[in-house]
Structure formats: C-alpha cells, structure tokens
Amino acid sequence: MQDFSYQRPAALTAAIEAFEQAEDGRFLAGGQTLLPVMKHRLATPSDLIDLAGISDLEGISIAGSALSIGAMTTHARVASAAEVHDAIPALAKLAGCIGDPHVRNRGTLGGSIANNDPAADYPAAVAGLNATVYTDRRRIAGDDFFTGFFETALEEGELITRVEFPVAAAACYQKFDDPASGYAVVGVFVSRGSQGVRVAVTGATPCVFRMRDLEAALNRKFTPETVSGFCVPEEECNDDLHATAAYRSHLVGVMATRAVAAITDGEM
Amino acid sequence: MAVPGIGDAVSRTEDQRFLTGRGNYVDDITLEGQVYALVLRSPEAHARIVSIDVSEALALSGVLLIVTGEDWQREGFGHIPTKSAVRTNRDGSPIAEPPRHCLAMDRVRFVGEPVALVVAETAEVAASALALIEVDYESLPAVVDPVAALADGAPQLWDDIPNNLCADFELGDAAATDAAFAEADHVIAIDIANNRVTAVPIEPRGAIARYDADSDSFELYNATQNVHANRDTFAEQVLGIDKRKLRQIAPDVGGGFGVKNGVYPEPALILYAARQLRRPVKWINTRSESFLADTHGREQISKVELALRADGTFLALRTTTTGNIGAFCWTVGPFTPTGGSARTQGGPYAIGAMHYQAKAVFTNTQPLDPYRGAGRPEASFQIERVIELAARELGFDPVELRRKNLIPRAALPLRTPMGLEVDCGDFPQVFERTLAMSDRGGFAERVAASRARGRLRGFAIAPYLECTGGAPNEYAGITFTADGLIELAVGSQSTGMGHETSMPQILAARLGVPLEDIRYVQGDTDATPIGGGHGGSRNLEVGGNAVAQAADEVIDKGKAIAAHLFGTPLDRVSFEDGRFLVPQTNHVLTMPEVAVASLDPGRLPEDLQPGCLNTGSTFARSAIVVPNGCHAAEVEVDPQTGIIEIVGYWVVDDFGTIVNPLLCDGQVMGGIAQGIGQALLEHAVYDADSGQLLTATLLDYALPRAGDIPDMAIEYYEGAPTEKNPLGVKGAGEAGCCGAPPAVVNAVLDAIKESGVTNIDMPLKPEKVWRAIEDARRAG
Amino acid sequence: MATLTLTVNGKPVSAQAEANTLLVEFLRETLGLTGTHVGCDTSQCGACVVHLDGLAVKSCTMLALQAEGTEVTTIEGLAPPGSLHPMQVAFHQNHGLQCGFCTPGMVMASVALVTDNPNPSEPEVRQGLAGNLCRCTGYQNIVKSVIAGARAMER
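First to last, the sequence lines map onto chains A, B and C. Just so it is clear: in the first sequence, position 119 is 119 by our numbering, and no numbers are missing. Take any residue in the second sequence, note its place counting from 1, add 268, and you have its number in our numbering. Take any residue in the third sequence, note its place counting from 1, add 1048, and you have its number in our numbering.
Keep in mind the hints are simulated off the structure, nothing from the lab. Honestly, I wouldn't trust all of these hints.
Unchecked claim - Counterexamples of contact, computed for chain C against chain A with all Cβ distances above 10 Å: (1) 1091; (2) 1092; (3) 1171; (4) 1179; (5) 1199.
What the hints assert, rightly or not - Simulated restraints, written as ranges between beta carbons of each label pair: (6) 196(A) with 956(B): 15 to 21 Å; (7) 1129(C) with 512(B): 48 to 54 Å; (8) 1062(C) with 751(B): 39 to 45 Å; (9) 40(A) with 1045(B): 17 to 23 Å; (10) 1129(C) with 953(B): 45 to 51 Å; (11) 1062(C) with 782(B): 41 to 47 Å.
To be verified - Some, not all, of what chain A presents toward chain B, calculated at C-beta under 8 Å: (12) 147; (13) 150; (14) 179; (15) 244; (16) 245; (17) 254.
Glycine is no exception: its CB is placed at the ideal position from the N, C-alpha and C atoms.
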C-alpha cells in the first residue's frame, strides 16, 4: 500500500475541511472495499479521512414513519438492531447477508452506497424502499442517488450523513450470491407500502434500477404469477465470468417471483 | 501417561502450538538484517522480451538488487529438470523437455512467469521498484487450450517442439481392446473434461535464504513439502554448489496438497540474492500472486469408451485423453496425464482389456503438476462417468450395473490390464456397506418430498480404487537422549496431516512408551540422511513402516542389552508390552530402563558402545499399495436456478490398517471437500485470446466454504490389510478427491435425468445446470 | 509515523505506526504476535481475524491507526498463558485443525460467533464461518468443534 496521510477528525466540519485541503483525499468509512483496493495499489489517495471519530454519523432511530440509519452504522448493527427488525425486517435480513460476519462488523451503510458497486446489496434497499439519502449539504431521493456504474449523485467532497428508509408494509430481498465473493450476482428487493409496490434490482446490470413496468403490474395484482412476462432484457445485463447476461436476466425473474411469493406468504 | 496403540484416536500433539498462535510458519521467521524480495511476473501470455530496463528501479532508495534472466545466464546457472517417471513416447523416443530457467530469458510463455527479482530494504520499496522496471514485450499469439494447441497452425511455444506435443503415451493392450470392442454388444462413449483447478493451501508459498560467507554455506527456510529432493535440485542442478553446503528446513507448513512439492524458481533466486547481498532475503507470495505462481492441477479432455455385453458385463475400456501441462514440464508435470492417470484406469471393476492413450501438451498457461491425487481422480472420474452413461443409455440400474462388474474378493490378487497389482480388498462388501449407510429404502419418499418443494433429488454411488506414489524409500532415525527422551526423525513431512502425532504413535505403540517421551523431527535436510517428503499418500506406507522397522531394530538391540543385564542367554529374552523379560523369572526391564543402560558403558556388554540403541533404518517399498473404497452422494437441485445442495454423503474406505481414525477421518473429509470443490465450484479459467488468467483472486476462484460442504458419514473396512508392508497400511490422503467428483456429478445428473441431460462438465455451477436443463427442454 | 496507543491482549501498548501499516502488520511485525496470519489479499480467507472491542474483524482490512484506543485480542491472548480457552480445547478434541494456518482466525471467529449466539445450530455455525476459509478439514470437524466449544463456554 502506498503511503498517505491519515486523519481522524471528530466533527463533520473538520472532515470536510480536511478533504478540501487534501490533494487527493478520500473519506474512509468501514474500509472493507477501499483498503483492499489500496493494497493492490488500484487507488492511491494522498489523504485518508477516517469518519469513525464522528459519533453523529452512527446510530439507528425511528423518526415518524421512517427508519433513520447513520452513514457509519455497520451492517452487523443494522442486521441485529431491534428497531430495524421491528420496522423493516427485510432490511435487517439484507444487511445480514452482506459479505461475511467480519466484513459486516466493519462495513457501513454510507460506504456501501457511496461506492455503488453494481453487485452491492444496499443499493437495492435504498431504491426498493424509496429511501432518502441525507448529506452534509442536502437530501437526495433514493431514485436519484445511483446514477451509473460506480457512480452516484454525490458531488466532490459531499458526505453522506444518514439514510432514511420509509417503513413499508412488507418487503423482501432475494439474493443469488456469488460463491467466491459473496456479492450479489442478482438481488431483487420488493417492497409494498402506502406508496405502492417497488422492485429494485442489483447485480444484474451496471447500476441498480427499478422495474417500473413490473411495479405497475404488481400494483394491480400482487401475485408471484404476475412476475412472469416481465424481464430485464439480456442485452442490458452484465455478462462476465460469474454469470452470463442470459442467466442474470433469468435470475431476476426467479428472485422477483420468490420475493413476491415470500411477501404474499407472509415470510419476510 | 498412557501408551497409545495402533488404531487409537489419539488427538494431536502439534495442536497446542497451532491453537495458541505459536506455530512457526516461514513468514513468522525474522532473521537479523533480513531484506525483502518480490518477483516481477510476466503480464503477457506469450511474448518476446525485447528489452528490460531496470535503471529507474535500481535508483530507488532502498533497492538493493535486481536480477534478470540475463544476469542468471551470465552466472551460468542451470535449468530445473523434470523428474517425470514417464520419459519416453510410445515410439520409444524421449519426451520433449524444454529448459525451465528460474527467470525468463528472451521469451515469456505464460502470465506469471518470473521475469526479474527485486530485493529491497522493505517489501514496500520492493513493490514500488517492481512498478519501475520497464520491460518491452513484443506480443506473440497465445494458445491456452490443449486440443487447440495440438492443431496445425496453432501458436508454437517452442521452436523445436512441433505441435506443442510434450509426450505421446500409451499403456495397455490396443489389439486386445480393439478385439473386445469389435465383439461387444454395446459400445458407450462419452466426451468429458476434467477442469483445471489449483490447490490454494491457505498459507501462500514463501522462503527465507541465509548465506554464511565464512563457511560458504546456505540455509533455506522454505514452505515446501520436500526438503531433500528440492535441496538437491537447487544445489546441484541450478546453482552448481555442493549440496552439503545447503541446509533446507521446512518449518510448519500451512497446507500443501501437492502444490508445494515441486521445484519452484523463487527459492533459488533468493539463495543467489542472499549470497550476493550477504544478508538474509525473505520472499512471501501474496494470494493473488499465488494463482499465477503456484502450479495448477488436472485439466484433461477425454473420450472414454466402454464395451459391454448385452447383459451389462464390461468387456473393455478405451480412454483417449489430452492433458494440458502448461508452458513447461514442471517437476513431474508430464507424468500426471500419462502414467499418473493410466495406472488406475477401470477402477475396481473387472474389465478384460484396456487401452489408455494420452497426449501431454504445452500451452501458454501456468504449468500443471500433481494436485492431491495427480491422475487418479481423473481416472476415477473417467470410468464412473462412462458407467453412469452406459446405465442410462442401456436401461440398467446404475447401482446394479456397478455391482455386477465389481472385482470379486476371490479374484484377488490380480494384475489389472494396466499392470497394477491389486493384492487385497473386498470391493463388493465395501460397496454394499456404503449402500446400506445411504438408506436407499427411504429414497423414494425423499424424492417425493423434494419434488413437493420444487426440488429434484438424485443419488449416485462411486466405488474407487487408487494407488500410492511418491519416493519409494523412507528413513526413520531413533535417538535415545540422556534426559529420557526419544527423538524420532523421519524424512517424510507433514503439511497438516499430523505426522507429529501419528508417527510417534507407531513408535510408542511398538516400544511401549508414552507419546510424551517422544520428540518428533521432520522437514530438515540435516535431520535425516534421506527423505521423500510428502506426496502420493506415502507417509504411513513408507514413513510409518520405516518407523516400525526402526523400532523393531531397537527392540532387537535392546534384547542384547537386557540379556547382558539379566545374565541370561539372548534367546531367552522376549519383549512384551514395552518390557524386556525372561518368561517365568522376575527378570524385567522397561524400555526406558534399557534406554538408560544403553548410554552407560558400565552396563553394556563388551561388544556394544554407548548409544548403541540409536537406530536409523530405511524402508524400501516393494510395490505400491492400492487404497480403495466407495462414495455415495445424495443431492437436491433447484431447477429454476440450478443451485445444488449435497444433502447426504457416505463413504466406506479400505485403507488397510487404520493407525489413527481421528486423523484418518480428517484426511478423508479434507479430500472430499476438495473433490466437491472441483465438482461444483472451482475452475481456473484462462481467456482464450489474451491468455490472461481470469480467476486470479479469491474473489473469482471459488473455494468451498463451510456452507458448501455437507456432513459426511465415514466408515472403514479393515478386513483386508495389505501384506505389501508390515503395518498393513494403504494410504489415505488422496482417496477423498478420487471418489467425490464422480459421486457428486453423477448424483446431480441423476436428479435432473428427466430433462434428458446426460453430461455437464465440471464445475457444475448453477448456471451450467440451469442452462443444460433449459437447452434440453428447448430441444424437446 | 504516528504513535498508536491501544490495548492488546489486556496490556496497554504504545508504538509507532505508519499510516499505511495494516493492523495485521502492526500485530505481527511491531508486536511480534505472529499467531495472526495472512492468507489472502482480498479479504476472503479470514486467517487474520482478531477481536476489536469484542467484535471479530479482519486485521488485514484495517489500518493499524484505525485501532487507536481500542482493545484488541489475538489468538495469543484468548486464554491466560499456560491455559486454553474452551474453544481451543474443543478444536483440539474434535480434530478441528490440520495445518493450523487458518486456525487462529477460525478460533477467533468461532468465539465471536458463540458470543453472539450461545447455542448455534449446525447451519448457523456453517453460515457464521462464511468469512473463514479452511482447505484441510472439509469443515466438518470445525463445525463439531464450534458446537462443542459453545457448550463448554456456557458452563
């Protein structure tokens, strides 16, 4: 790993200031993606600004009809928190299937969605639950947050502070994970709430997306059978060593059907 | 302190240090003043090296030495020879062996081939220096598939080796086989591929070299499985030094599975660097580098043909295979797809005629060398897959067809058409016991229950037969010390199998002393005059028997001492339960008492000297032994995704005498897990055009995790200890990965049989299973 | 260089560390605690697992400086010198290790697993060990060890 300077500010403003002063600064959240990348010298920042010292960024609370999760909250905490289990059990389940237990003890919600790996799990929940991403300077609707392959709406130096997930009546995340990496080959998050049905797909394409035509059909008739007939075209799917585009396209249908079935069966 | 017996489940001595973090692996060793070496590896699959510019890297502060192929050539160092037991082609001409140098000279032939060595004060500086070496490559076309490499017009790796053909091999009787096929009622043929995998011991390879200028001698601490043979090659064939001046020590080694057996270039490079710099040099591979720098295993593309009579009797077997051996002949690389896969063709079945033909082929890939089983898993897979297809095509019950053709006990001993001496065993009994364990009676109900949940259930049974290998001789030395300890030094070596427990267990049982009195030494060229290291499931067979033989010699000598002390004639002294005694008298001396006397000149007869009880003995294998057994697997397949779950796994093994069932279980379980890994998950994949290894990290190469491996029920058949060695042992280390791939693959194919799918090549990744079902459905 | 102050195996430690020093490097090279191993470079194998404030983490995927002010426990500190933790005993009795290289991480992961879930089922153990690779044992005896260790830890 190439050398860099390390800072751990205790306040948000100090972190932003440190970033602005750095030549090529990066925020360090849980580090479960960034540090391996740096070990392979695929990223060589001049400064790492560790966010772990900013206590405001960590924590889980219920705010009205929404669940608010601090950006630095670990996957393990989300997976085990009673508030999450009570409000959105599918979100707890999703957090509990990211990586492995040790990764979940370090990896964070903010780090995951800021990175927007096309095979990451959290983006499916943010899009699938119509969450709102709060940053140091604004709020961004979940639908607007993920803009492309490893790209988000975040501006240079903009820092996620927390994410607010509206409590859905029912939700389910179905994941087909890669046996080597644990990443989602395909993951489908289905939610059903007062705003209607949402279906978000991760892993299949370069960036998480919603299947709006399927959502409309499910709004009319929420049954597993409804899913058949809707697919993500093969041409739009990722095709790599781990799965062909055709298989990913097929898996989206299987995972969506199973998510809907689980919701209708009440096993979320 | 109890005296252990042969067959006791003794838990391990070495666990104490491993469980408390006090193991001593090579990366745990720090020598005074050590510096760090890294290897620059070729990013090209096939290219001419136009130039190498190291000036910028050398100028970096902290860089101490850079070695290139040109330097190596200037020093006049030799290349690393292959020790393949197959040396000639079917026509008697020698196999092709191109020179394998420690560093590429003017051309690179696979991604990962060492191009330069960098030594620096720290590993970080060495890494920065690597990035500053400028190599100008002129790319050449590459070929990674062995069948494509044989074709006319394929890229040629070696100017003097036509069609990339290393070896053209055959074994068996072609005429008899052809005749049997001609008169057969049925001929079943299958084309199968045995996937390329790699061993991935969790400890990456690494070494530290130290040079002492005063004595002009070297010490090499190396994560290797084979200190003696590799020492000899480094010294005599590569560096041109007196091998007595090179001591090689393998400290605790974190897994091997064959991949740490061969002779690699890096240790030779750092020995040289240590001499140049007069400082200890340490080199440790990263995991990602290991995928490019450790040998791979398997990879054969085969046609298997079985001739049967109308009633299902097997008449003849013909196997034609193409084995990829990578860009060079590695230490025994050409042997695996040729002799290594030939010997156990046909498994435990009575087959009158067999013919095996193999081509070993060079490609622009990482060289292949033995990986746990080294040819026998391939042979087992070949026969079991063709039998499964025969049963399907001809309408036989796969269990019945196998049962009908197993070699009966009364037919043993016999010599197979491949020349393998099968001396003992009871294949039908082992088969029936495995079946009984697997609850066939409840299967139909389980199938129905699975179906109700949208899952397909399948079963397969896979008897196997394999053989031991590796160095045929082994040494055991027993030394009695004044402090009452017995030092046992053996030239075989554990990389996790537990020799530190099993070998002293044999000695303790023989001499009637507690395990605690024995100190075990292994993995050190100074500790034993010879040593065959680890490989071919050889340890108990040759190492264990060397210990038993040495112990018997100690007992004979002890009798002479006891007779002197008793004042009785030698022929009246006997040895029972650890005691020398004269029956019907009160003359009794324990082994430790005689050991103490053996060091005291005043208590010895005139013709014996103090230390006379110390014994070194070499056991020489008369013939390889034949472990065998039977695996059975039950699986559930989700046809919508292709996901496979192994829901039942049963094994009965015949390893002859079981010395320590606890450790033996561990060998079987580990072997099965690697076999399941090969069957379902693991695949080292090269890009056909660029020759890049696509599975070069653990993010891409799937190793089995705890959730991928089922609980296995394991039993032993001990009714046929071999008479080929005094302990009656047959070897256990590689059996698991012979039985598991065919058991699992055939069970999956059984589960999806209604789809009409008859073959899917390993690994059976969910997508392949789903696609095979889909394609069959579409084809109607 | 910065001064890093933390508690390792119950003892206060203060030592110099570079920003780019990983926690595992600090433990192995600066403190000489070589029981924590490095088996990969992509955070897959778990040979480097230690406890950080009681949680199992991969010490190869943390900077040493991120451990400022924390309590780290390595395999060397799991039990007082001369004694074994019940989980270590269980691994020994059930032959839950062979080459020993993955073992420190496996044991640390197992202790954390049982701390979270004192009475795990076999599937829960298998899932809970998803972050630890073993190439020798086929996992069966590890799973057996963890279940036995859990029972012993309850007592």
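Minimum Cβ separation between residue 1199(C) and chain A greater than 10 Å?
21 Å, holds
State, for the Cβ atoms of residue 1129(C) and residue 953(B), whether the hinted interval 45 to 51 Å holds or is violated.
About 48 Å separates the Cβ atoms of residue 1129(C) and residue 953(B), which means 45 to 51 Å holds.
Closest C-beta approach of residue 245(A) to chain B relative to 8 Å, hint status:
11 Å, violated
Restraint outcome when residue 254(A) is required to lie within 8 Å of chain B by C-beta distance:
Result: holds, 5 Å to nearest chain B Cβ.
Could you tell me whether the CB distance from residue 40(A) to residue 1045(B) stays inside 17 to 23 Å?
43 Å, violated
Does residue 1179(C) really sit off the interface, with its C-beta more than 10 Å from all C-beta atoms of chain A?
3 Å, violated
Can you let me know if the beta-carbon spacing of residue 1062(C) and residue 751(B) is within 39 to 45 Å?
The hinted range 39 to 45 Å holds for residue 1062(C) and residue 751(B), with Cβ atoms some 42 Å apart.
Assessment of proposed distance window 48 to 54 Å (beta carbons of residue 1129(C), residue 512(B)):
41 Å, violated
Looking at residue 1091(C) again, its CB stays over 10 Å from all of chain A?
Non-interface label on residue 1091(C) violated, nearest chain A Cβ at 5 Å vs cutoff 10 Å.
Holds or violated: 41 to 47 Å for the Cβ distance of residue 1062(C) and residue 782(B)?
46 Å, holds
Chain B contact restraint for residue 244(A) - C-beta distance below 8 Å
At about 7 Å, which falls below the 8 Å cut-off, the nearest Cβ of chain B leaves the hint on residue 244(A) intact, so it holds.
Tell me if the beta carbons of residue 196(A) and residue 956(B) are separated by a distance inside 15 to 21 Å.
Since the Cβ atoms of residue 196(A) and residue 956(B) sit about 47 Å apart, the hinted range of 15 to 21 Å is violated.
Consistency note: the structure conflicts with the earlier hints numbered 1, 2, 4, 6, 7, 9, 12, 13 and 16.
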